[in-house]
Amino acid sequence: MTHWLPIADPSDISACRRLARQLAHSAGFSRDRTEEIVIVVSEAATNALRYARRGRCLLQIMPGLRGPRLAMIVHDQGPGIVSIERMMEDGASSVASAGLGLGAMRRLADRFDIFSDLDDGTTVACEFITSRLAAGDKVEIAGLLVTHPNEQRCGDGWGLAPARGGQDLSGPSDVILCDGLGHGAKAADATTELLKSFFRGRGRDVVQTLTDASSDIAGTRGAVAACLSLDGAGRSVNFASVGNISTLRARIQDTKRFATRDGRLGGLDAKPFHEQVALEPGDIVIMHTDGIRTLRDLQAKPALLMRSALLIAGKLMAENFRGRDDAGIVVCRIAREN
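In the numbering used here, the protein residues as written are 1347 to 1684.
A portion of the hints provided could be inaccurate.
Unchecked claim - The list that follows gives simulated cross-link-like pairs (lysine-lysine, DSS-like), each with its CA atoms no further than 27 Å apart:
#, residue 1, residue 2
1, Lys1617, Lys1542
2, Lys1602, Lys1617
3, Lys1647, Lys1484
4, Lys1542, Lys1532
As the list claims (entries may be wrong) - Just the calculated beta-carbon pair ranges, DEER-fashion:
#, residue 1, residue 2, range
5, Arg1363, Leu1464, 40 to 46 Å
6, Arg1548, Gln1599, 33 to 39 Å
7, Ala1450, Glu1621, 43 to 49 Å
By construction, these hints were calculated from the structure, which means they are not laboratory data. Note that this is a predicted model, so its numbers are computed, not measured. Every residue, glycine too, gets a C-beta built ideally from N, C-alpha and C.
Starting from the given sequences, assemble the full structure and let the hints guide the process.
In structure tokens form, the structure reads like this:
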């Protein structure tokens, strides 16, 4: 599901629960685990309605190296939470309620993160995985898609695979974000073909990946795309791009924007721009399509840059979605050194 679900009425919470159950079943979660996921979604949506009176929920399946992952983002623009750690304690509440929500969500989710600000409201991000979490991964990757409000299929898409065709799930990773031209079914068809080409070509360098993809989607409307190859230690990234996918590296001190080259895949003589960029522990690499407003001054938001990849993606999507096109964002977070 790649549409925001509104949270403005108790019936909207029921809609969030139904979609969570449907997606969990399709991803292969057990019946018991599915019901735990539904509890988390219900608690998050209920909190948004109770404390902020309205909010939005995004539920979707994300690709993963070890299997599919179910992502939940609940965002509101309410009064925020003064003391998150205190609210994590069972029985704590800022109004007359059971106060069990945040603690229960943290216990039941495989990954849980929350960002709250008295001026900007609260964003909750939960991830549920179908396989075990691996300790020691150096790069955390999450991505979200939102479809044009008047369309049923999303023309943006993203993919993730082990680099160089290998099977090392904790090693280098290749990531692609693409945007079929326009929106609607034909844009979605172009993106589908481009992602097929990406997965067929595992093992190629990022420039060759996009060059071959351009030939593979020649019969479609065409697309723009950016491709990253991250080394297993998270120390550098190889980058290639054709068209207006925005890519940047954010750290607390500064933001670097990657260059790109005009053009489209599927046309004649597509020549990707290529660059290799050094990374440091704690760096955030972000790719997003033009359905999201240009991201500025991220270095001035250190509290956000300390959060998980999924929460960063969810908050940036919620606050910068233009609403007149499909939108896609991928966030790669390099682990900090202990």
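Results for each hint:
A C-alpha spacing of about 20 Å is found between Lys1617 and Lys1542, which places the hinted pair at or below 27 Å, so the restraint holds. With a CA separation close to 22 Å, the supplied pair Lys1602 and Lys1617 stays within the 27 Å bound. Note on Lys1647 and Lys1484: the hinted pairing holds, with a Cα-Cα distance of about 22 Å set against a maximum of 27 Å. Among the hinted pairs, Lys1542 with Lys1532 is consistent with the structure: their alpha-carbon atoms are about 15 Å apart, no more than 27 Å.
In this structure the supplied range 40 to 46 Å is violated for Arg1363 paired with Leu1464, their Cβ-Cβ distance being about 29 Å. About 35 Å separates the C-beta atoms of Arg1548 and Gln1599, a value consistent with the hinted range of 33 to 39 Å. A hinted range of 43 to 49 Å holds for the C-beta pair Ala1450 and Glu1621, which are about 45 Å apart.
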